[in-house]
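What follows is each chain in one-letter form.
There are 2 protein chains.
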Amino acid sequence: MRDVRMKGFAERADVEEVEGFLTRHGRVLAAESVELLASAGRVLAEDVRAEVDVPGFPRASMDGYAVRGEDTFGASAYDPIALEIVGRALPGHPFSGSIGAGEAARIMTGAPLPEGADAVVMAEVCAERGARVEVGEPVAPRKNVGAVGEDVAVGEVVLRRGRRLRPQDAGLLASIGVARVRCVRRPRVALVITGDELLPAGCRPDGARIVDSNSVVLRALVARDGGELLPFGILPDLADRVRDALREAAEAADVILVSGGSSVGEEDHAPRLVSELGTLDFHGLAMRPSSPAGVGRIAQCFVFLLPGNPVSCLCAYEFFAGPVLRTLGGRSRAWPHRRVRLPLARKISSAIGRTDYVRVAVEQGRVMPIATSGASILASTVRAAGCVIVPRGLEGMPEGAEVEVRLYDEEATAEDGS
Amino acid sequence: MRDVRMKGFAERADVEEVEGFLTRHGRVLAAESVELLASAGRVLAEDVRAEVDVPGFPRASMDGYAVRGEDTFGASAYDPIALEIVGRALPGHPFSGSIGAGEAARIMTGAPLPEGADAVVMAEVCAERGARVEVGEPVAPRKNVGAVGEDVAVGEVVLRRGRRLRPQDAGLLASIGVARVRCVRRPRVALVITGDELLPAGCRPDGARIVDSNSVVLRALVARDGGELLPFGILPDLADRVRDALREAAEAADVILVSGGSSVGEEDHAPRLVSELGTLDFHGLAMRPSSPAGVGRIAQCFVFLLPGNPVSCLCAYEFFAGPVLRTLGGRSRAWPHRRVRLPLARKISSAIGRTDYVRVAVEQGRVMPIATSGASILASTVRAAGCVIVPRGLEGMPEGAEVEVRLYDEEATAEDGS
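Taken in sequence, the protein lines are chains A and B.
Here the first sequence stands for residues 3 to 420, where the numbers follow this note's numbering.
Here the second sequence stands for residues 3 to 420, where the numbers follow this note's numbering.
Hints should not be assumed to be uniformly reliable.
Heads up, the list lumps identical chains together, so a pair's fine if it works in one copy or across two of them.
Said to hold, decoys possible - 25 Å max Cα-Cα, derived SDA-like pairs, lysine to any residue: (1) Lys145 <-> Phe75; (2) Lys145 <-> Ile350; (3) Lys145 <-> Ile372; (4) Lys145 <-> Ala347; (5) Lys145 <-> Ser293; (6) Lys349 <-> Ala129; (7) Lys145 <-> Ala288; (8) Lys349 <-> Arg187; (9) Lys349 <-> Ser78; (10) Lys145 <-> Gly286; (11) Lys145 <-> His339; (12) Lys349 <-> Gly402.
Calculated from the structure, these hints are not laboratory results.
Fair warning: this is a prediction, and the values are worked out from it, not measured in the lab.
Build out the structure end to end from the sequences listed, making use of the hints.
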């Protein structure tokens, strides 16, 4: 039997120190070409400059009649001016003729303004009489006409690099004829899930064997943060297998998430192997839960050692891996949670020098810490509305103090009403 | 030439009236079976009850030694009690023997507690000497042991219907052996995009032909709201083609979004066809932009007539179609935007009786309405940080008034910092 290293960590790094390290080593991945229809939610790697004017032609912005404005000067409801209707212009069906003096063409919103015309008079102030239209109001040249380039002008930078594309941004790109956009590549994420006791998700727990739930949580978090998950399997707690998996992952991925085998116990191979293949920059953190978490690098790849306990795994991901993933993808490193500030219904105890991740419920507008007996209680994060971070400088937070809750639900729920 | 109906709407419905109608007719779609790994973000259609205990066995919650608690009573650092080490227990590798009086087994966090033992004494208070361990502290029975069902008990409802599954919810479902979950079906959405002037997204605008940008925006909004977009093509402005498309869509979809041809102009077939195939409940709304929008139903299917102008299309979607889509999918009908309250840098003019959707920038903590010449300026929604709704009871909002901005960005941007 090998020596059992079960005595914990000699020293523990501060959360801020690890965050600072990750911020310093953060970088944004290179660009790739993305199809326009897949671009919403992606981050632009380059400025986009319009190569066309929008509109590309003078365009009616009202339903009515295309006219030469000066022909209508002096018109009034009592003394309308009659113009001869010589054609019509519809979107996609321009009037091919020209509007001469004393002439008009019916025109619909969005249609190209015919040659010769310089204004649109609204249908509401006109009356058709046979082949003529009586115009009851003067209209100045350029009135009710969208000028060429009014929406977007050739050469204009319409969207800047770093922009996370909104639905309407993708629409604007479509309107200027863009087919593909240069976006920041999505970070590729490899999961290294180890544990002889683990059955794959979808199985029933069986005797001493439990179901791997961490990869299920991580899969959803990685998707939220814009990462692309590489295929993976569950590994036995065998150093050689874990080493091979880490080596392969470092070649294929930008980020490796190791779940399980990350502490200092005898079956915890990952820390040693990360040191061997790269650097283990931090291992053992002054936080609760997740104190056995670690951060390292193998070549260009970030490695996060996430404790096997489900809540620790979630917590360590949110503090360290999530910000890195979002940074790599060109997004904000900030936690994406909605936040509310509410008073504490009961005090939170912590310790100076330690950062705490406290699951809380929100009851009648007050924040209630959820008492749990340990980090393994995934159900606590299910019952909780969100979490409160107690920074290392505080001993805790007193009852009544206003605290910031990071909400687990991405949006208001149906029960919240509108 | 047919009679050109270009005189606008006889009367316009209030936004609230339409919202009330849609709320009354809202329903939640039926359940479908969803694979666990695809369940995050989906809405539960049924309560989920645990069919197993988690943990399913008494489990070490610390690294240390599995003991009979009473054997340690009286132990102290000065006067430790020595126990014989008879085996070890690891996660996935239980100790198959039994712990008798005076015996102990090494145990790692997560491992099943061996038969006979009732507590775990922390490694930190123990010292191994050859085949024995000296225990320096008494440990009470059940100490450092996770009891059967401590996380989840058989029969417990772990998640209630209506819950939008968080990452950790999916993890919890995995841990109780769930392979598939009953979720609310995602609403199927058909797009009916009409316009002789339209080229498909990805093309360059060409002469009088412009690129269909609305379907690009709608595709992203439908994805945001949990809908499933059915395949579609761009239709010419021909009544028969639009009728066929509506009829087909009503059979396949829960929601039809009609973009273009929805006003009262001569090429605007959709309103008449919706009346013919079903009911056109509203057409012409007291709002700006989007006044030509309409709402109807064909059989069980909701139909939204979205104006062709890009900003009107976006606005009408957000007011009417988005809430219905989310309701059908079991989510909150509320707009999903993050909201901030900030003072107005300049007054907003509106009119009593009309609801306005005003694009705004946020500059130095103040809200600046974006002046635009018309609804067609999609670029305005790109430049804007969000929108402000001016309800119909107000003539406008004065400079300095605190207003609620619905932000277009789903999360803080990289520029905002953390």
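Should Lys349 paired with Ser78 be assigned to within, between, both, or neither, using CA atoms and 25 Å as the limit?
-> neither (75 Å within a copy, 33 Å between copies)
Intra/inter-copy verdict for Lys349 and Arg187 if alpha-carbon distance must be at most 25 Å = Classified as neither; 44 Å inside a copy, 42 Å across copies.
From the Cα coordinates, with 25 Å as the cut-off, is the pair Lys145 and Phe75 best called within, between, both, or neither?
-> within (13 Å within a copy, 95 Å between copies)
Up to 25 Å CA-CA - Ile350 versus Lys145, copy category | Between copies, since 23 Å is at most 25 Å while 65 Å is not.
Classify it for me, Lys349 with Ala129: is the Cα-Cα distance of at most 25 Å met within a copy, between copies, both or neither?
-> For Lys349 and Ala129, neither the intra-copy (75 Å) nor the inter-copy (37 Å) Cα distance is at most 25 Å.
For Lys145 vs Ile372, is the C-alpha pair at or below 25 Å within one copy, between two copies, both, or neither?
-> Classified as between: cross-chain Cα gap 20 Å, same-chain 64 Å, threshold 25 Å.
If the cutoff is 25 Å on CA atoms, where do Lys145 and Ala347 land: within, between, both or neither? Let me know, please.
-> Neither: 62 Å inside a chain and 29 Å across chains, both beyond 25 Å.
Should Lys145 paired with Gly286 be assigned to within, between, both, or neither, using CA atoms and 25 Å as the limit?
-> So Lys145 and Gly286 pass the 25 Å test across copies only (24 Å; inside, 70 Å).
How would you label the pair Lys349, Gly402 (within, between, both, or neither) given a Cα cut-off of 25 Å?
-> Within one copy, since 8 Å is at most 25 Å while 39 Å is not.
Should Lys145 paired with His339 be assigned to within, between, both, or neither, using CA atoms and 25 Å as the limit?
-> Neither, since 47 Å and 36 Å both go past 25 Å.
Tell me, please, which holds for Lys145 and Ser293 at an alpha-carbon limit of 25 Å: within, between, both or neither?
-> Between copies, since 20 Å is at most 25 Å while 68 Å is not.
Status of Ala288 relative to Lys145 across identical chains (alpha carbons, at most 25 Å) = For Lys145 and Ala288, only the inter-copy Cα distance (24 Å) is at most 25 Å; the intra-copy one is 68 Å.
Going down the numbered hints, you'll see the structure goes against 4, 6, 8, 9 and 11, while the others check out.
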